[in-house]
Each structure stands twice: as C-alpha cells, then as structure tokens.
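Participant: Those sequence lines, one after another, are chains V and W. Note that the working numbering numbers the first sequence so that position 163 is 163, with each residue one more than the last. Note that the working numbering numbers the second sequence so that position 7 is 7, with each residue one more than the last.
Since the hints were made in silico from the structure, they are not lab data. Computed from a predicted structure; not experimentally measured. A couple of the hints might just be wrong.
[Stated by the list, open to error] Computed footprint of chain W on chain V; a stretch qualifies when at least three of its residues, placed anywhere within it, have a C-beta under 8 Å from a C-beta of chain W:
| # | region |
| --- | --- |
| 1 | 54–63 |
| 2 | 75–81 |
| 3 | 88–100 |
| 4 | 106–120 |
[What the hints assert, rightly or not] Okay, derived cross-link-like pairs now, BS3-like style, lysine-lysine, Cα gap no bigger than 27 Å in a straight line:
| # | chain 1 | residue 1 | chain 2 | residue 2 |
| --- | --- | --- | --- | --- |
| 5 | W | Lys30 | W | Lys122 |
| 6 | W | Lys80 | V | Lys122 |
| 7 | V | Lys30 | V | Lys122 |
| 8 | V | Lys80 | W | Lys122 |
Glycine included, every Cβ here is placed at the ideal spot set by N, Cα and C.
Number of protein chains: 2
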Amino acid sequence: MNGANGAEPALHPEIEPIAFLLGTWRGEGKGEYPTIEAFAYGEEIRFRHVGKPFLTYTQRTWAADDGRPLHAETGYLRPKPEGRIEIVLAHATGVTEIQEGAVAGQTVEVASTNIGLASSAKEVTLLERTFRVEGDLLTYELRMAAVGVPLTHHISAELRRVE
Amino acid sequence: MNGANGAEPALHPEIEPIAFLLGTWRGEGKGEYPTIEAFAYGEEIRFRHVGKPFLTYTQRTWAADDGRPLHAETGYLRPKPEGRIEIVLAHATGVTEIQEGAVAGQTVEVASTNIGLASSAKEVTLLERTFRVEGDLLTYELRMAAVGVPLTHHISAELRRVE
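Next up, chain V with everything else stripped away, as it sits in the complex (with noise of 0.2 Å):
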C-alpha cells in the first residue's frame, strides 16, 4: 500500500537488513507462565513494508484445540543503523512495549526499555523477545517478568512463510 492508490512500492534501503522477515508466517507455539496452565496455540504473524524505513507488524494466535482467537498484537519494526533496532507494538491485552536490541545475520534480539499498561491491563514489567529465520522458517521465543514473576520463558513457536 503506497499513499492514495494501491501499487506496491520500492524497498526503503534502511529495510535490507531485516527484509528476511518479509511475508506471511504461520505455525503453532507453546506457552507457559508459572502462573497459568500450559497451553497450544496457532498464529499468523505479517511483517509488511509500504516504502518506508519500517516494517509493519501484525500477529493473532488461535488456542490450539478449537480456534478461539486469543492474543493480538500490532506494531512496528525500525532499523537503525549498526545493526541496531528499535519495535514498538501495541497488545489488545491494553500493553505497549517499546524494544530495543540489535539485528546479527538473521537473528534479531530486544528487550524492553518501555512498557505501558493500560489501567485494566495484567502487570507486565520486562519483555525480551529473540526472532530467528532460517529459509522459511520463523522461530521466536518471548521472556516476560509479570504480576510479580523474574524474567522466565512464557511462549515459543515455529512458522513457516505461507507467502
């Protein structure tokens, strides 16, 4: 999407080092959280550029057993430069996180500088996320300190690049 018409414009240069996430993923990942039930879930994750020196981020997963949607989350992907990044993104659970980390090969890594809650929001305090592509393949892992838990493994899945 480019301005008032619909034509598929050119990649912002600034974009090349994380072109790899480019495409539609989807695939299936676990969750745990001493605080809850392990559970199973199928996700759809979308990294879009429309010619700017961003990508947009959307991701929905779906509990494993009868496709009740469940998690959402949107945002957006800023490469700096020296291999630095910057994501900020927005949770239908009423969270914003801002990332920061760095891009090395195709493996990109951040941890949160900012998160905010909304007043009916759960308490989240540090976020720290890993994304890894391997031809079509996207694996992610997520650590979160929350509601009074150190930072420990919450979610991991693997998605394949559906187009």
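Go by the hints and put chain W onto chain V.
Facilitator: Same frame as chain V, now just chain W:
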C-alpha cells in the same frame, strides 16, 4: 478473521458502545504545529473486530500533494464498564500510547496516561484525542505536547465510511 479460519465472528457484547466506529473510513486532514509547516494529508482508518472485547485500529496517511506515505499507527480500543475506554497504540515514528477516557454517545474522548519513546523518536509528552461519528462521517482531532511545546492542536480530519 476468527482463529484458524476466516469466518466472520459475532460482535462481542462489550463492543456495542463503540460499534459505531466499525468500518473503513477515508478522507482528508490538516496538520499544524509551532515547530513545523502546516500540511494537508489523505487518510484511511480501519476499525475491525474479531469477536473479542476489543476493536483493532489501523491508520495511515499520505501527503495531499503527491500521495507519498506519511504517518502510520495501529492498536486496539478496549471499552470498559460505565462508558470508560482504553486505547493502546504504536506509531511507526517509534512512539507508543496508553490512552484512557470515555465514550459518550458517538464521541470518544481520551488522554494519554503513558507515552513510550524509542531512542530515536521525537519527544512527545502528552496526547489527547477526540473521535466523533455522525452517520457516515468520522471527525477527529488530536492535541499534542511535544518537543517543549505545551498541549496544542496538532491535526484534525474528516473521513467518510467507505465500507
């Protein structure tokens, strides 16, 4: 979109107070701020639901003169009891917002309670937003305190529901 398949889910009852926002809206806006030149833009906003107690929000603007993409932001609206609402947003410019406020009739009025800034983002300290719908007309305005300027009118737009 609903889990693994694409079937249209039923509207979650908690969404009813803001169901008047649902749809795709297109129109024009004008921006001004003491630190920049006034500008005109085209805009598209989409409010969608997935059967859960939130709306998804995606927005993008383009320059009125040549159609080049300008701003983009995305997030979720979470209606709460007694006419309250929470809005969580991420901007492509490296900013996140937690917004809280009220829904009265077809007007949503919110102010930021948390703003997150990535290292390379401009300093934004307060954002106030008003959305109003009358029939197929959506108008909004945004007031902003940023880069040392106190809370000041920044942008307003009028959009028509196109689907």
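Participant: Which earlier hints can't be squared with this structure?
Facilitator: Hints that this structure does not satisfy do not exist here, as all of them hold.
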